[in-house]
Amino acid sequence: MNRISSINGPTLRDSLSVSLTVGAYGVAFGAAAVANGFSVLQSCLLSLLTFSGASQFAVVGVLGAGGTALSGIATASLLGIRNGLYGVIMAPRLKVKGFKRIVAAQITIDESTGVALGQEVRSPEAMRQGFWLTGFGVFIFWNLFTLAGALGAQAMGDIRAWGLDSAVPAAFLGLVWPRLKTNSDRALAIGCAVFAIAMTPILPAGLPIIATAFIAVAVGLRK
Amino acid sequence: MNQYWIAVLGTSAIAFALKYSGHSVPEKWLSHPRIQKVNSLIPIALLSALVAVQSFTEKSKLMIDHRLLGLSVAILALLLKAPFPVVVLSAALSSALLYNLNN
Chain A
1 MNRISSINGP TLRDSLSVSL TVGAYGVAFG AAAVANGFSV LQSCLLSLLT
51 FSGASQFAVV GVLGAGGTAL SGIATASLLG IRNGLYGVIM APRLKVKGFK
101 RIVAAQITID ESTGVALGQE VRSPEAMRQG FWLTGFGVFI FWNLFTLAGA
151 LGAQAMGDIR AWGLDSAVPA AFLGLVWPRL KTNSDRALAI GCAVFAIAMT
201 PILPAGLPII ATAFIAVAVG LRK
Chain B
224 MNQYWIAVLG TSAIAFALKY SGHSVPEKWL SHPRIQKVNS LIPIALLSAL
274 VAVQSFTEKS KLMIDHRLLG LSVAILALLL KAPFPVVVLS AALSSALLYN
324 LNN
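Just so you know, the sequences run in chain order A and B. Here the first sequence is numbered in this note's numbering, starting from 1 and rising by one per residue. Here the second sequence is numbered in this note's numbering, starting from 224 and rising by one per residue.
Derived from the structure by calculation, the hints contain no laboratory data. Since we're looking at a predicted model, the values are computed, not measured. Just to be clear, a hint being listed does not mean it is correct.
[What the hints assert, rightly or not] Short derived list, chain B residues pointing at chain A, Cβ under 7 angstroms:
1) Thr234
2) Ile287
3) Lys304
4) Ala315
5) Leu316
Glycine included, C-beta positions come from ideal geometry on N, C-alpha and C.
When you get a sec, could you build the whole thing from the sequences and use the hints?
Next up, the structure:
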């Protein structure tokens, strides 16, 4: 990382392409956050401080549906657990302490971990470069595009006339789709969707969503 | 502080705590297959529930409206292996079209 000339070319290319494509989804997040009642400042702070796409979409989704802060935080945090597991995977590979560990933790997400592990076949050095380049790259683009999306949505007025109320669930669907690998995954997804809809008129807003986590735990422990 | 600020700061604090604690615990603590399994299922459950609630409810009422078209188009796009931006944009466009025709 100290000498630019030592950066592995293919690693840089992988990191940049992932950073740009994923960062661009920040537009969807910024727009979704504003559409769900968050201010531009709050939307940008979520991207800077939370910096985890699924968690961010979840908290704006839950509050937008009328849920309390607590159910929003709980839902977002359950989705953030996997970043902790990525941290467990990356820590022995990065071997950083102090301030560097704090920075590494903040940029430990799906993409930085994914690209890093993908570079392991090249060299341990390429793996570390992949992590830092992708982490910083996504961070920069994700935040810039969040601001753009939030300002754009603010200028739109009636978000339904622009289809934003459908863009948000479509984004969630796009996030969950690649995870549905087996028939039991699909059954769980459909079951949780039906459960959440059925419970919406009965339970306070936000709870129907978080309650599905218990279904996942029950299914996961049974197998 | 209102609910939105609490949500922003609370989510951010816990998100960082989860990431940092992951970097600080021994790897073997979390390597149990059942823990890994549960961890892979939780996102499926929560994200599916979010798709459903955001598509078919309004406050605490169930509702079928223009969003059903958006969701159907998104599913079609995913079945055709369209990239993420195409999925989101096609859902938004179709939903907006139907909404504007009705209003």
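The hints, checked one at a time:
A hinted interface residue such as Thr234/B counts as satisfied when its beta carbon comes closer than 7 angstroms to some beta carbon of chain A; here the least separation is about 4 angstroms, so the hint holds. Restraint check, Ile287/B versus chain A: the minimum CB separation of about 11 angstroms is more than 7 angstroms; hint violated. The closest approach between the C-beta of Lys304/B and any C-beta of chain A is roughly 10 angstroms, which is over the 7 angstroms cut-off, so the hint fails. The beta carbon of Ala315/B comes within 3 angstroms of a beta carbon in chain A, closer than 7 angstroms, and the hint placing it at the interface holds.
Because the beta carbon of Leu316/B sits about 6 angstroms from the nearest beta carbon in chain A, less than 7 angstroms, this interface hint is met.
In this structure, the hints that do not hold are numbers 2, 3, in rising order.
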